[in-house]
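One line per chain: the protein sequences are S and C, in this order. Each residue of the first sequence is one higher than the one before, counting from 41 in my numbering. Each residue of the second sequence is one higher than the one before, counting from 21 in my numbering.
In case anyone wonders, no lab produced these hints; they're calculated from the structure. Heads up, the beta-carbon is just placed ideally off N, CA and C, and yes, glycines get one too. Mixed in with the good hints there might be a few duds.
[To be verified] Going by beta-carbon spacing under 10 Å, a handful of chain C positions derived as facing chain S:
| # | residue |
| --- | --- |
| 1 | Ala23 |
| 2 | Val89 |
| 3 | Ala97 |
| 4 | Val98 |
| 5 | Thr136 |
| 6 | Gly139 |
| 7 | Asp140 |
| 8 | Arg141 |
| 9 | Ile143 |
| 10 | Arg170 |
[Claimed, not checked] Counterexamples of contact, computed for chain S against chain C with all Cβ distances above 12 Å:
| # | residue |
| --- | --- |
| 11 | Leu178 |
| 12 | Ala211 |
| 13 | Ala257 |
| 14 | Pro259 |
[Stated by the list, open to error] Derived coverage of chain S by chain C (criterion: at least 3 residues anywhere in the stretch with Cβ under 8 Å from a Cβ of chain C; other residues may be distant):
| # | segment |
| --- | --- |
| 15 | 80 to 93 |
| 16 | 101 to 110 |
| 17 | 113 to 121 |
| 18 | 126 to 132 |
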Amino acid sequence: MRLEDVWLRYRRGGPWVLRSVTVEIAPGEAAVVLGRNGAGKSTLLQLAAGILPPARGRVDGRPAVVGWVPERFPAGQPFTVQGYLTAAARMRGLSRIEADKAVRGWVERLGLGPFQCVRLPQLSKGTAQKIGLAQALLRPPGLLVLDEPWEGLDAAARELVPEVVGEVLAAGGRVLVSDHRGETARLPGAREWTVADQTVTERVPTGERAMVVVELAIPAARVADAVHRLRAEGHHVLRVRGHDAPPPVTRLVSGAAVEESS
Amino acid sequence: MIALVRFRLSGFLRTGRALAPVLAGLLALGILYGGGRAEPAEAYGVSAVVLFPVLAWQTKILLDAEPDVQRRLSLVAVGPARERAAGLLAALTAGLALIVVALAVPWLVGGVATPTGPGDRPIVVGLALGLWAHLLALPAAVALGGLASRAITRSAGYGVAVLALGVVLALVLGISGPALGWLAPPLLPTARALTGPIPPVTGVLLTGWALVWAAMLLAGYAQSRRRRA
C-alpha cells in the first residue's frame, strides 16, 4: 500500500495539515507514527484508513478489509457490548453464525465476558477502548490502523496489543500505530514515520540490528542442550529462569536494551 | 449495507429521538384535520406539504443520532459510498413509516369525507393519490435533511439554518406561481393538482419534476459528503 504525494486540508482555503506525503508499507510490515500532539498523526492514520480523502495525490493498494481503532471509542450509543459487536460484524459482511463466532472469540480474548450485556455508556474508558479494538478485528484486517491503542488499557490488555499486531502481520496484513508515549518499544522491527511540519519522514529500521525477544518454555532436563543449540545458531540467550513467575514482557525488552548497551 | 441501515434505525429508535418528529407530525396533522372534513386526495395533498419539513427534520435527527466517530467506523466497515447510501436508506425507511401514520391519521380523527355523489373519487383512488403525493415529497425531504445533517454542516446552528432555509424556499417558491415554482420541488403544485381531477400528463410531469429535484439534491448531498467524513 502506498500514499503517493498526498496533500490534505480540512477545508478549501484552509491550512495544509499534510503536504506532499509519500510513504509505503508492504504486507507483513508495521509502521509506528510518531509526532507531537496536533502534528497530524491521527489525520495521517485516517487518510490511510480511507476515512479522509486526500485533496491531492492518491492512495494505492489499500486492502479490502481495514480495521480502524479510534483514539477514543464512541461509547455514547444505545447498544449492549454484545449487540454492538454483532452489528459491527454483520456490517462487515459476516453471516449471523460467523458474526456470533467472531464476537464470542474476541469477547473471550479481551476479557469482555462479564460486560457482554452491559450498555456501552456504562463501560469504563479502558473497557470501551477494548470494544474499539474488538470491532476492528472481527474480520481479519489487511490493514489495521491503531490510534494510540494503549490509552486507558490495563496492564494485561497492553500486552495484548503487540500480540494482536503480530498476528495481523503474520497473516500478511499491514499495521499502522500512532504513539506518543514510547510504548512502541513493544513493536520491534517496525518502520518509524515521524509527522512534523506537515510532512512525514521515515526512519527505516536498521535491518540486522533490530532485536526481538522470544520467550521459550523448555523441559528443565533439556535446557543445557537447548541453550547450546540456540547459541550455536547465532542467537543471543539473555538468561534462563524458572517457569513459575513469568515477569512482564517490558522487563525483558528493557533487559535486552541493557544487554545491548553494556 | 442492510446491516448498517438496521444499525442506524435501531440507534435512532433506541435513543428515543424518533419520538420528537412523530409528535411534531401528529401535531401538524391534528391542526390540519381539526378544521373539518375534506375529500381524501385533497386532504392528503395538503398533508404532504405539511409533512415535508417534518420528514426533513426527521432525516437530520436520524443521521445525527450517530456519534461522528461511529459514522467513521461505519465508513471504514462498509466503504464511503455504502455508508452514505445506508444513511439515506435508513431515513427513507423512517420516512415511509411516518407517511403510513400520516395516511392513517385522518381516518382516526374523522378528517376525511367518504364519497357521497357519483362525481366523487372512490376511497381507494383517494388513498393512492395521497400515497403518491407523500412519496413525491419524501426523497426531496430526505435529501434536504441530509444536507442539514451534522456530517455536512458540522454545527447545530448551521444545520437548523440549512433546514429552515430549505423548507421556506420550497414553500415560498411553490406559492409564488409557475414562473419561479420550478426552482423548488413540486410540493404545492401537487397539492393544488389534487384539488381537482388529475390528467395523466400532469401526474407524469409532477412525478418527473419531483424525481429531478430529488436526484439533484441527493447528488448535492453525495458531493458535499465527499470531503466530509
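To see whether the hints hold, each was checked on the structure:
{"no.": "1", "hint": "Ala23", "verdict": "holds (4 Å)"}
{"no.": "2", "hint": "Val89", "verdict": "holds (4 Å)"}
{"no.": "3", "hint": "Ala97", "verdict": "holds (5 Å)"}
{"no.": "4", "hint": "Val98", "verdict": "holds (6 Å)"}
{"no.": "5", "hint": "Thr136", "verdict": "violated (49 Å)"}
{"no.": "6", "hint": "Gly139", "verdict": "violated (52 Å)"}
{"no.": "7", "hint": "Asp140", "verdict": "violated (47 Å)"}
{"no.": "8", "hint": "Arg141", "verdict": "violated (44 Å)"}
{"no.": "9", "hint": "Ile143", "verdict": "violated (40 Å)"}
{"no.": "10", "hint": "Arg170", "verdict": "violated (13 Å)"}
{"no.": "11", "hint": "Leu178", "verdict": "violated (9 Å)"}
{"no.": "12", "hint": "Ala211", "verdict": "holds (18 Å)"}
{"no.": "13", "hint": "Ala257", "verdict": "holds (38 Å)"}
{"no.": "14", "hint": "Pro259", "verdict": "holds (46 Å)"}
{"no.": "15", "hint": "80 to 93", "verdict": "holds (count 6)"}
{"no.": "16", "hint": "101 to 110", "verdict": "holds (count 4)"}
{"no.": "17", "hint": "113 to 121", "verdict": "holds (count 6)"}
{"no.": "18", "hint": "126 to 132", "verdict": "holds (count 5)"}
Comparing the model with each numbered hint stated earlier shows that hints 5, 6, 7, 8, 9, 10, 11 do not hold.
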